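Enquirer: Working from the sequences, and respecting the hints, build out all of it.
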Amino acid sequence: MTVETKLSFDKAYVEQFSKKRNEPEWMQKFRLDAIEQAESLEMPKPDKTTIRNWNFTEFNHDFKTGESVSSIQDLPEELRDFFDEKQAPENLIIQRNHSVAYAALNNELKEKGVIFTDIHTAIREHADLVQKYFMTEDGVYVSEHKLTALHAALVNGGVFLYIPENLQIETPIQSIFWQEDPEITLVNHVLVVVDKNSSITYVENYLSHNEEYETVANIVTEVYALDGAKVAYGAVDNFAAATTTYVNRRGIASRDATIDWALGQMNDGNTVSENVTRLVGDNSTSQAKAVSVGRGKQTQNFTSVMHHDGKASDGFILQRGVMTEGSTAILNAIGKIEHGGTKANSEQESRVLMLSEKARGDANPILLIDEDDVTAGHAASVGRVDPLQVYYLKSRGLTEEEAQRLLIHGFLDPVVSQLPIESVKKQLTQVIERKIN
Amino acid sequence: MSGSVLEIKNLHVSIEDKQILKGVDLTIKGGEFHAIMGPNGTGKSTLASAIMGHPLYEITEGSITFNGEDVLEMEVDERARAGLFLAMQYPSEISGVTTSDFLRSAINAKREEGDEIPLMEFIKELDETLDFLEIDKSMATRYLNEGFSGGEKKRNEILQLMLLKPEIGILDEIDSGLDIDALKIVSKGINKLRDENFGTLIITHYQRLLNYITPDYVHVMMQGRVVKSGGPELAKRLEAEGYEWIKEELGIEDETIEQNA
Numbered sequence: 001m002t003v004e005t006k007l008s009f010d011k012a013y014v015e016q017f018s019k020k021r022n023e024p025e026w027m028q029k030f031r032l033d034a035i036e037q038a039e040s041l042e043m044p045k046p047d048k049t050t051i052r053n054w055n056f057t058e059f060n061h062d063f064k065t066g067e068s069v070s071s072i073q074d075l076p077e078e079l080r081d082f083f084d085e086k087q088a089p090e091n092l093i094i095q096r097n098h099s100v101a102y103a104a105l106n107n108e109l110k111e112k113g114v115i116f117t118d119i120h121t122a123i124r125e126h127a128d129l130v131q132k133y134f135m136t137e138d139g140v141y142v143s144e145h146k147l148t149a150l151h152a153a154l155v156n157g158g159v160f161l162y163i164p165e166n167l168q169i170e171t172p173i174q175s176i177f178w179q180e181d182p183e184i185t186l187v188n189h190v191l192v193v194v195d196k197n198s199s200i201t202y203v204e205n206y207l208s209h210n211e212e213y214e215t216v217a218n219i220v221t222e223v224y225a226l227d228g229a230k231v232a233y234g235a236v237d238n239f240a241a242a243t244t245t246y247v248n249r250r251g252i253a254s255r256d257a258t259i260d261w262a263l264g265q266m267n268d269g270n271t272v273s274e275n276v277t278r279l280v281g282d283n284s285t286s287q288a289k290a291v292s293v294g295r296g297k298q299t300q301n302f303t304s305v306m307h308h309d310g311k312a313s314d315g316f317i318l319q320r321g322v323m324t325e326g327s328t329a330i331l332n333a334i335g336k337i338e339h340g341g342t343k344a345n346s347e348q349e350s351r352v353l354m355l356s357e358k359a360r361g362d363a364n365p366i367l368l369i370d371e372d373d374v375t376a377g378h379a380a381s382v383g384r385v386d387p388l389q390v391y392y393l394k395s396r397g398l399t400e401e402e403a404q405r406l407l408i409h410g411f412l413d414p415v416v417s418q419l420p421i422e423s424v425k426k427q428l429t430q431v432i433e434r435k436i437n
Numbered sequence: 001m002s003g004s005v006l007e008i009k010n011l012h013v014s015i016e017d018k019q020i021l022k023g024v025d026l027t028i029k030g031g032e033f034h035a036i037m038g039p040n041g042t043g044k045s046t047l048a049s050a051i052m053g054h055p056l057y058e059i060t061e062g063s064i065t066f067n068g069e070d071v072l073e074m075e076v077d078e079r080a081r082a083g084l085f086l087a088m089q090y091p092s093e094i095s096g097v098t099t100s101d102f103l104r105s106a107i108n109a110k111r112e113e114g115d116e117i118p119l120m121e122f123i124k125e126l127d128e129t130l131d132f133l134e135i136d137k138s139m140a141t142r143y144l145n146e147g148f149s150g151g152e153k154k155r156n157e158i159l160q161l162m163l164l165k166p167e168i169g170i171l172d173e174i175d176s177g178l179d180i181d182a183l184k185i186v187s188k189g190i191n192k193l194r195d196e197n198f199g200t201l202i203i204t205h206y207q208r209l210l211n212y213i214t215p216d217y218v219h220v221m222m223q224g225r226v227v228k229s230g231g232p233e234l235a236k237r238l239e240a241e242g243y244e245w246i247k248e249e250l251g252i253e254d255e256t257i258e259q260n261a
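Protein sequence lines, in the order shown, are assigned to chains A and B. If you read the first sequence in UniProt numbering, its first letter stands for residue 1, the second for the next number, and so on. If you read the second sequence in UniProt numbering, its first letter stands for residue 1, the second for the next number, and so on.
Treat the hints as calculated values from the structure; they're not laboratory data. Owing to the predicted nature of the structure, the values given are computational and were not obtained by experimental measurement. Don't be surprised by glycine CBs; every beta carbon is placed ideally from N, CA and C. Please note: incorrect hints may appear among the correct ones.
What the hints assert, rightly or not - Distance windows between CB atoms, simulated:
no., chain 1, residue 1, chain 2, residue 2, range
1, A, PRO387, B, LYS137, 28 to 36 Å
2, B, LEU119, A, ASN107, 32 to 40 Å
3, B, SER95, A, LYS426, 20 to 28 Å
4, B, LEU119, A, LEU388, 28 to 36 Å
Expert: Next up, the structure:
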């Protein structure tokens, strides 16, 4: 397959791309409508970070097939780290570049109606469900800004996961998005719909290797937890230094539903990350926990939002960032309670630890409340390593480096320990280790 | 190794340009238990911190050697690995790091790479020591010192002392804030270490700790110096008569460092 280089995208390109993918007409129309909007829409404006000079819109776009993987033992070591070595995950999709290289789904789940497939197949075979949930007004919608519209027009990867009603699934469901080709962009869409009273644990990993060639990742995730559903969502992002990333993970929780996030945001390149949970239904709850480690000269902006519409909804944001070398990060936390969201509770905590004189960080707590009968609270701090803690640890024989290492892991532990899969927790710990050494 | 020697000569220490120690001389050998007593504000804790290398204390004159090596040339962690240990009066809280993980890292820091303590051996030793010090097993999985009561922190310091097995242990007011039962347990821990390879410097301003740990030598500090040394009988006399008689004997009006600065 030849690689087509396209640095700007028009209707003709999008039409041709959709045709080549044999997409149904509704999808082609959806993409064409999106590319038209993309031209006039503004870029997103992350609070306190200027992204004017970041390139999110010019890149090589294509659908590139990756070689299939017959056994997970054949994977390179940095991917094998994602699993428990003894046992291949029962429910796993490995996307290599933009195609599925490995797929497994437990038979029993299949028989019960669970759908776990790549987004292209889902668009062709499960149009009713996809059309109902894919980038609608309730989730991440096309016209939010230029990057959501570009995403809709150019999506070239992703998975669709549907869980029917009343299924309690204990075994985790895992995706690995491996951008092996260093030049082509990844426009990845993850759509998760968990129907009434079901529960799942989903974990995903992003990985790329382009240290030099500059490219873009545009990631949108939409998670629907219908009435009474419970979703534990874990992720470790690990895009290489030359990838500029926009990632938007959004959850929509209906009545009595729960969406809990545990995000390891370990990209090495510039990153804008949004994690928004809409607590639409009464008694819906969410905990959004995220860690990040900055290194080199990367700049990152993380915005975590709890949006309370329902009554007695409960949201908690916990963000921790460690900035090393010349890295910069802004941690925005927003608790928004709409009028009518009585008895809602919105709590947040954002903390930044800076390890070098050149590192920069800020924690920006925001509460926007349009209802009287609510509770809310925030905590935020930006600081450096406490020399007395280092002294204490050194006085027990630990070297300066070892003491710092321990303090960093300790600082991130409240989030890391929450990751739902042991092997992913281990893997995140390793990524953290690599980034702080 | 028998015969370790910590030798402090003419030690002058200041903090933020304020002179606190004004010429301390003290020698502690393996197998010896020394107690340093004295009223508050006479420089006892400063001596302990200076030996360990606290970042805020500056040595302006004098020397500290350990087995002939210049301690003042060593980093804090090198001092620890050489065999010095300080049980701190106010240990730091280390959030996110469990007591057990920390202890294992600290034990391994003293060992060669590739010779790390086997996990089962560590757990066994930790369990036994927790039992010995009557500490609830849950402490092992709690974050180090975070949310610990005063008494728990002190016991944790002794737990570390017992597991790290230094040659010289300096105990900075390990008895403050302890009730009598906790005091007995902490003393039991320290007494268990008593052998020819272990020397200790116990800093206290109450004589009551010395009812449970009998020192070989007792020193009294005033005005940033050791002003009197003796045997265990000196501690007894201090308990019975207080410090006034020493002040009279030496013609000291104000024993704190303030006056003489």
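Enquirer: Check the structure against each numbered hint from earlier and tell me which ones fail, lowest number first.
Expert: Checked against the structure, no hint fails, so every one of them is satisfied.
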